[in-house]
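Line by line, the protein sequences give chains L and R.
Heads up: the first sequence begins at 6 in this note's numbering, then just goes up one per residue.
Heads up: the second sequence begins at 78 in this note's numbering, then just goes up one per residue.
Where hints are given, some of them may not hold.
Unchecked claim - FRET-style restraints, in silico, Cβ to Cβ:
1. Ala136/R / Gly78/L: 34 to 42 Å
2. Arg383/L / Asp132/R: 36 to 44 Å
3. Glu231/R / Ser369/L: 34 to 42 Å
4. Arg110/R / Gly352/L: 22 to 30 Å
5. His222/R / Arg332/L: 40 to 48 Å
6. Ser43/L / Asp217/R: 47 to 55 Å
7. Ser43/L / Asp213/R: 40 to 48 Å
These aren't lab readings, by the way, just hints derived from the structure by calculation.
Please read all numbers here as calculations on a predicted model, not as lab measurements.
Beta carbons are placed, not taken as given, at the ideal position from N, Cα and C, and that holds for glycine.
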Amino acid sequence: MPGETPLTGRIRPDRPPLDAVGYEQAGGYQALRKALGSLTPAEVTQQVRSSTLRGRGGAGFATGQKWSFVPMGEDAPRPRYLVVNADEMEPGTFKDRLLLEGDPHQMVEGAIIAAYAVQASVAYIFLRWAYRVAARRLEKAIAEAYERGYLGRNILGSGYDLDMHLHVSAGRYMCGEETGLLNALEGKRANPRSKPPYPQTSGLWGKPTVVNNVETLCCVPHIVNNGADWFKGLSRTPNGGTKLYGASGRVRRPGLWELPMGTPIRELLEEHAGGMREGYRFRGLLPGGASTDFLGEQHLDVAMDFDTVQKVGSRMGTGTMIILDDRSCPVGMTRNLTHFFAQESCGWCTPCWGGLRWCEQMLSEMEEGRGREEYLDRLAAHAGMLGPGHTYCALAPGAMEPLQSALTLFREDFERHIRERRCPWRSP
Amino acid sequence: MLSETERQAIDAEIPHYARKQAVCIEALKVVQRHRGWVSDEALHDVAGHLEMTVDELDAVATFYNLIFREPVGRHIILICDSVSCWLMGYGALRERLSERLGVEMGQTTADGRFTLLPIVCLGACDHAPAIMVDEDLHRDVAPDHLDAILERYE
Ligand code: SF4
Ligand code: FES
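Chain L on its own, in the form it takes in the complex (with noise of 0.2 Å):
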């Protein structure tokens, strides 16, 4: 039903999250007993498949296709392993956080019955360092676990084993990237790897592994409670669940809210965030992190799901807007963006690594009033020749989304700064 909050219905701002007793008084495990207890892998697997569950930490791959494809039976390789992409490094992205700091067992129960679901021996969380407060409540929550016979050998006498293990980074974007990921778990750079083969049959030291967001395992205990129907029943569209939205900028209430997937961005904006603050008008926003298209005014009326955002040219990304208000300046944003990419671009392919420092460059330049006529075009060509396919991994395709969308939304702001020479938004 519309209006339940099953993932964040936990959580309590005002006090630390329930310890592993609290959880379970609260329904929690209870998932994970019936998965091992009653479910088959392949059961859960379909169970997850049907409730159209899509992965929360952007790219919105189908999460139960993406474990079908692990190799399972007698002769498939082993170990396996399951690791949780809680890196958390997206700019404008702050969900995860709520939900590893706010409901930590929530996380490893969804974690287990994933792994057991693939018939992983060893589950990673990979956590940013920059997350103190979660680091020690999954530490805290880890140990419970294990305690209560959740990890370990035999769970709940199933016959299942499990470990779990706490990652910590020591950051860069490109652990987001699950094969940049995977390096930086077995103590290497995180340069992406060339996919195929993917994870999912040659991962972590070559064996099957699947990763899977924070938001997306934090579903899956309760598709296996509620099922398939239920889950998908919480959604205003085809795309299962309900999604943590947020805003940040220059809204009256920035926060987080757990809503039905598809509540449309105008509902997200006004209601919840509470429209602009007193004094700023509304100029644009990204749906759904750094790496995703503006949206202007004549979209506010899209829902917010997979599919719908994607037929107006952006992405719902991680479903955390950001919002660009009248008084700050679309090429300032604009550069900032890029110069996060240029900087974190780990170097390995030269039309990113060079092409992002140029474009940083342009945009440097322009703000300062020392901006050229062909850079527009100039600017233009690089979206295309960074844009997807011509470079190693989504990096660069995904640094381009906000600059091409902004040459064109406001390409007004953009041939001011040039025919200007001056910042508009800066004073004198």
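For chain L, the structure is supplied; the task is to place chain R with the ligands on it using the hints.
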């Protein structure tokens, strides 16, 4: 030489991974926790301990932005320079910080108390601008709050 405590902390991680080399990032963090940064000598010792070449380990150490290969101050200030913080007043905050500490980004104060570094989005964008001092996150930071915040870190 790695201290006994450092060695123990590193060795405790080894059984969690299929290969020894996987703990190298953790090992560098262990060293850094005890010494503040990773010197050439420390790098050499960790590499030896994990049966890696020094170059192999340095390639890793220089890739991750929270491994410090140069000495740092007693406290690290990480200021988020990503998009939401940029929109919400990062510029003014950064200016005040630099002015107050008398250092630019990447530098350490003359008394060795603070090192100022930029960091990507801290996942606190609904409370931008955000900074971290050591392990503490500070949210909704206005330039005027800085004195009260920094006072806590001797
Ligand atoms: S696109 Fe950029 S980040 Fe990706 S592999 Fe190439 S250089 Fe590295
Ligand atoms: S952009 Fe600064 S915390 Fe996210």
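Practice problem: Would you list, in rising numerical order, the hints stated earlier that this structure does not obey? | Solution: Per hint list: single violation, 5.
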